[in-house]
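Residues per chain are reported as follows:
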Amino acid sequence: MKLNISALEYIQGVQNGSISVEDFIARTLERIKDVDDKIHAFLHVNTNILGEAKNIDKKIKAGEKVGACAGMPISIKDNICLKDTKTTCASKILHDFVAPYDATVISKLKKEDVLFVGKANLDEFAMGLTTEFSAYGPSKNPWNLEYVPGGSSGGSAASVSSFECIASLGSDTGGSVRNPASFCGVVGYKPTYGLISRFGLISYANSIEQIGPITRTVKDTAFMLNIISGQDPNDNTTVTNSEQDFLAEIDAGVEGKKIGIIKEMIGEGIDSSVLSATKDAISKLEGLGAICEEISLDMVKYSVAAYYTITATEAGSNLARYDNLRYGYEFPVEGYEFNSYIAKARTKFGPEVTRRMILGGFVPASGHAGKYFLKALKIKQKLTEEINQKFKEYDYLIAPTVPILPFKIGEKIDDPVSLFLVDINTVTANLTGKPAISIPFAMSKGLPIGIQLLADTMQDKPLLQAAHALESTVRLPEVPI
Amino acid sequence: MGLPGSLPRLNQKAVEKATLIAMALNCEIPEKIAFFRKNYFYPDLPKNFQITQLNIYGKTSIGSLGYIVAGDKKIQITRVQLEEDPGRLIYEGNSKNQITLVDYNRAGTPLVEIVTEPDFENAKQVRIFLNILSDLLENLDVSEPGLEGAMRADANVSIEGGNKVEIKNIGSFHDLEKAIDFELIRQESLHSRDIPIVQETRHWDDKRKITISARSKEEELDYRYFLEGDIPWIKIEKETKDRLTKEMPESISSKKERYVNKYSIPAQVADVLSSDKFYSDLFEQSHDSRNAKEIANIITTDLMGLIDTREKREKSKFTSDHLKELADSIQSKKITRNAAKNALYEMVKTGKALSEIISEQNLGNISDETELEKIVNDVILQERQAFEQSKTNPQTINYLVGKVMQKTKGNADPKLTLDLLNKKIK
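Chains as they are written, first to last, in our numbering: chain P, 1 to 481; chain C, 1 to 426.
Pulled out of the complex, with its shape left as it was, chain C reads as follows (with noise of 0.2 Å):
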């Protein structure tokens, strides 16, 4: 609220979680770090300015020179700065009559701004950029960027020849995307006409999905850098930085080699499992040398389809005991692989155990034999043409199994019904 007499409160777990980003991001990082005051009147800060910081008296900022490797750009990181996010404005009423509102609860909240250098060629390679730096944010539980606003992106875009253009006010990834393309449409077109392109902040308007240029008075603002003599400097000492490397999460590329190397779980498979923390995570609580393969395909072809939103997961009463349960049983063959569709399908909706599911629904694996040998039977005396057809055709055998699985619900054991058809054909 920008009170009278009331003094900012430094969030050390902000500093320990801004230096960790820093070092994943492979950023240099000063021995001590400092804030500043950036002076501009605007509704939604309180104070009237923000405490964030910069590099232009040292570098004092928590971290710079970093990069990270997208796909096969190696895109700079020219700087992560630590600062704190200013309030919400609301824009209500009609254009007659306009009225803002100004939500201040997320006003003083850390933020950490990640700044690059000028390495994209076109949105595409942006959007790539940004799903690896959401992944690695997640990974390394800084942040939740699924989180509406947890994440949000400014772009800087400009042709050969032309000035730089900042767009401000993108809501998502993919508007950011569309942004970005009709920003260099629009910047082409001027410059084939030979129209200069200004230097400006445009807007983008998320109805009419184009970029508007924001008023020029924005562009005048001189924002009076100082220190921030509130915040005294803060060292970020040697074994901080020790211990952070410690607690540092294992990387998505390291957590993917594992993967491939120590369980031969297919690399398009250990693509998709190490990237997102929420299944990944999953996967290191439930698996062991046996079940790893199984279990990594459990979690990419089934349940990624089952928990595919951040509000699913959250309802869902699923956990990795159930995984491990359901890996286990398949492998020893309790359960065949297609009946255990039903059964994540049922332990995802109600939370229930493995074995509840299955006495419930009869699922168990029919893999006793004479059991088995009476329905194959069964199935033989009500399809006797295709029975016979089946001893010049091998074709129509499968036809037979299907049959049998029908009868089971999917719950035989495939191998050994075409083991006893086989046997009753010859």
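Only chain P is shown next, with the shape it has when bound in the complex (with noise of 0.2 Å):
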């Protein structure tokens, strides 16, 4: 029995009887543990799902209705509350916290028979791109595991890649879902926003930021799609799904389409193997038929600093919560006040997140406000207005997922500056509330490189449409791992 399959391939299995859950489950946990010493995807492994995956058996056995994913293993980026389960974002600071409720994601996979086979590793409450601020270690790409996974999703996007699971949710507030995934040669997605809900994905930028599948075929992502989005009464931003099938309809193709190719994301700085790339793929689509123009977002320049300021500006207020009084780690209040007690329990914070907190203080305040953040809310205004103004005329927009090949842990660390300059192919869609896509599109170095796809606000079925497309037209290798 092979592990590196997809979603899809396993219901098959499971259903024509051809793989029994509890070998698949246990399996699954060999490769677990054969494995991530090394990668470290997992902050915690869930090995009690093994009598879950007995039950699963029996009740096919015995004939009776099981979930759509019959016991299908599905890691989760530690950042989204699971009942019961340590919930740490990969911070000291919420070190002992226990998710008392489950997010609506992960209640809409428990109905689906889903089996959680752990919370996967991922940069400090989201905020980088290599993992490497994760409190608890940083995972490795399993491609060479002297190099980062991407991230902030990196544990997601690598237990899906070294086949410790067989599909991941991560959050992507920035490309923190495609960028891992471009990283590790796996598909990421993230939704037009408010097509997911949010409830119990703890706050890193919450007007921005979306849940979003990693996987290893498109296919897989339309099909978690159908189960997680649609509208919820416990996220007031999320919108209708519109009871539609993604799955339907996959194989429509580009024929006809028209694709933009974003002028500013292939330019400067970018590695020549991952423009070559890029050129491929855009060749592949007009071979499939599309009609591929070179276009230009003027805005994109500026996107990467209005991100920054808009993201630490919301983190300053989504992390004040963590004041150690009602959840956190133990750290006795006696002997403080309240001002010094919740000075002294912050200090767990890692630096990425201090450095964002020390920004997100500054960037809104008085006097401050309208140099920085108001700006930034204008940059991100126009970027929408110039990206809608595309879609009139597009249907899709390309762009490699990252203009850089994956780096070695520790390349970068020191220079948040040029880490930052990771991200500018990435936050457009999130700024926008645009759907993307990245897929694994080709190798260098024996390291994959992603490619990008957008769509416009809901129109995220045709986007898999299209990534299905091209997705058809490669084989990557194996990871060697």
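Hints may be right or wrong, so weigh each one.
What the hints assert, rightly or not - The calculated lysine-lysine pairs, modelled on DSBU-like cross-linking and capped at a C-alpha distance of 35 Å, are: (1) P:Lys392 x P:Lys258; (2) C:Lys32 x P:Lys375; (3) C:Lys32 x P:Lys301; (4) C:Lys96 x P:Lys348; (5) C:Lys59 x P:Lys390; (6) P:Lys375 x C:Lys59; (7) P:Lys371 x C:Lys96; (8) P:Lys108 x C:Lys13; (9) C:Lys13 x P:Lys344; (10) C:Lys209 x C:Lys168; (11) C:Lys209 x P:Lys378; (12) C:Lys38 x C:Lys235; (13) P:Lys371 x C:Lys164; (14) C:Lys96 x P:Lys382.
Stated by the list, open to error - For the chain C half of the interface with chain P, some residues (derived, Cβ under 8 Å), not all of them: (15) Leu7; (16) Arg9; (17) Leu10; (18) Asn48; (19) Pro232; (20) Lys241.
Hints listed in this document are in silico derivations from the structure and should not be mistaken for laboratory results. Cβ coordinates follow ideal geometry from the N, Cα and C atoms, glycine included.
Assembling the complex is the task here: the two chains are given apart, and the hints tell you how they should meet.
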């Protein structure tokens, strides 16, 4: 029995009896035991799912109905609440926090008999793009253990890429699903803002982030989206998915579709192999009947600055609740006045979170807001207007997910500004609320390269169709671990 | 609790009620409202920010630029805003070992803040305004101002040539009046000695009845206001406004006018009756055109004394049916006004029906002429001297009426008694 199969292959296997859930879960847990001390994709592994797997097998044998996922093992980024499980955000400040409730996406997956194999590593509070900022140590890239897996959903992407699970849920604030998907050679999806409920996702920058699936195939993403999308009374920002079946008509292709190539995302600083992969992807799409033209989004050059200003502001507010008074970690209050207690308790934040807390205290403060925060909001608005204009003419936009190849662990950790620029191609989708997907497309020096497609608001279904078309033109080697 | 991953859920009912308040305060209501985060660390704030409204980026608060007439003054309403209530801090222990407990039960419940212009000249005017506002809110059925903590006030006090001082932590309207008076005297005393009045926040010390300066740190707070992304902009649809206008309860002033014009209830009585929702509701449920005046009288002269607290109201089994029956019985002379008082007391206490009380306590009106004549004759026999005097001194007749009343425990029809006595004297 192979572990490196897609979700749809797994479900088919369970249905036709060629896969026993218990067997598959046992092997998955074994696989984790074998490889995860090298990869460190998981912060916590849920070994007791073997019992649940047996139950599902029993049900199937007895002819009882089981959920659509039929015991499929999934990892969950550790910033999504899974009831009765530690949810740490890879931070010392939530070291002892056990979620007392399920996120909406978790409840939906539970209904379909998903088995949660473990909680995946991330940059502390999802702030970072290498997973090096996890308070519990970095994850490694399964393609080359000396390299970063990307981030912040690095654990999620690495766990899917190394067959420690079939799929994962990450969260994408500025590329945190697409970036590690690109670095680890898997599919990463950031849906239209509001398509998936954020209830139970621990907020970093709530106005632009979304939960997104990380899978082996585009079809698997469509399948996951069918389960986890939809309006939620617990998240006032959710929109209806209109009962769409994202998997149906996935083979529609791109014939006659117009695709804009974002000039600003293939310019200065791009790695030559990434550029040639992008050109290759464009010609493949043209070969499938699409019309590709270069376009310009003028505001992209300011997007990273705007992104960091907005996310720092929101993070400063969203992370204010971690005062250790109601939950957190062991630290007695006796002898402290509340201000000094909170200040002391919050020294548990790691360097990147602290950096952004300081920034978040500064950029929206009265006296600075006009120069930074309000300006950033203006860029966000202008960028949105600009991209809306383009989507009147083009069905999709294309760019590499990340302009450079995965880099070595430690290589950029002391250079936050150069790290920030790695985000240049991904933040646009977040700032404008548009759906975007990263598809593994090429290899260079043994490391994967992802291609990104964007579509207009609520055009998630056609976006998946185009991504599937592009995906079917490539076949990547197997991960060497 | 501000749990990680939890999101705010907007209470639509709260939005409607806040809209109703803004409408009743003659405010402008925008087409769309927005919520903002007010960021500061304080133990009563579980998220360390408060979701609130403000007007610094356009008029996005539920109400702006309204007014309310309080006595002979028009008080301008700057803004009505909907926000979440923080938790409640409870201080325990002694000065050496102080413990602060936080009760989060209240945290996240909807709160409406009403901000006025500096339109008051003294504490008395503030008190009158607050009483009128409290009656108005009760009449709108949006709040229970009688509940402890349901209506709270902060006051900004300044004198000419001085800076503004905000007083917080005031527990009651009564204390608010005292706090303002204290603050005015304090500021005037500083001013007269040429000591500058600093702009600051002061806390009302409930025990010592003085204001004390809050730590200056609070002054330096920068709230870093920005849009609450978790609650999208809310449209206040025209249909909603129209519906609320239709559903809006009759205003206190309109009630008063109706009571005076339609039922000739004296203005003073109508004023008292209309401004209290509990009593005006009782009145509305029980009256018809015949007994309206009688009912207004019963409520304002007797009932208000019997159930004057919230607790008594809740405990009492008294209903509008009782009131109607009582008024009708007085008008049909089944019972005297005097006896009605006793019956009312019994009704409030026990919730029994009037007929039951009349038979139990023998309160029925003695208006049967032959029966009453017997009693009158008895009294004349016993009070021979007074009876003789009454022939020359008409004042004495009142004494005899009183004796008849005593004998009948107040149940004799007073007019009939007087008629009978007059007949005997002549």
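Hints and how they fare:
| no. | hint | verdict |
| --- | --- | --- |
| 1 | P:Lys392 x P:Lys258 | 10 Å, holds |
| 2 | C:Lys32 x P:Lys375 | 23 Å, holds |
| 3 | C:Lys32 x P:Lys301 | 33 Å, holds |
| 4 | C:Lys96 x P:Lys348 | 30 Å, holds |
| 5 | C:Lys59 x P:Lys390 | 32 Å, holds |
| 6 | P:Lys375 x C:Lys59 | 20 Å, holds |
| 7 | P:Lys371 x C:Lys96 | 47 Å, violated |
| 8 | P:Lys108 x C:Lys13 | 28 Å, holds |
| 9 | C:Lys13 x P:Lys344 | 40 Å, violated |
| 10 | C:Lys209 x C:Lys168 | 13 Å, holds |
| 11 | C:Lys209 x P:Lys378 | 50 Å, violated |
| 12 | C:Lys38 x C:Lys235 | 22 Å, holds |
| 13 | P:Lys371 x C:Lys164 | 30 Å, holds |
| 14 | C:Lys96 x P:Lys382 | 58 Å, violated |
| 15 | Leu7 | 5 Å, holds |
| 16 | Arg9 | 6 Å, holds |
| 17 | Leu10 | 6 Å, holds |
| 18 | Asn48 | 4 Å, holds |
| 19 | Pro232 | 6 Å, holds |
| 20 | Lys241 | 22 Å, violated |
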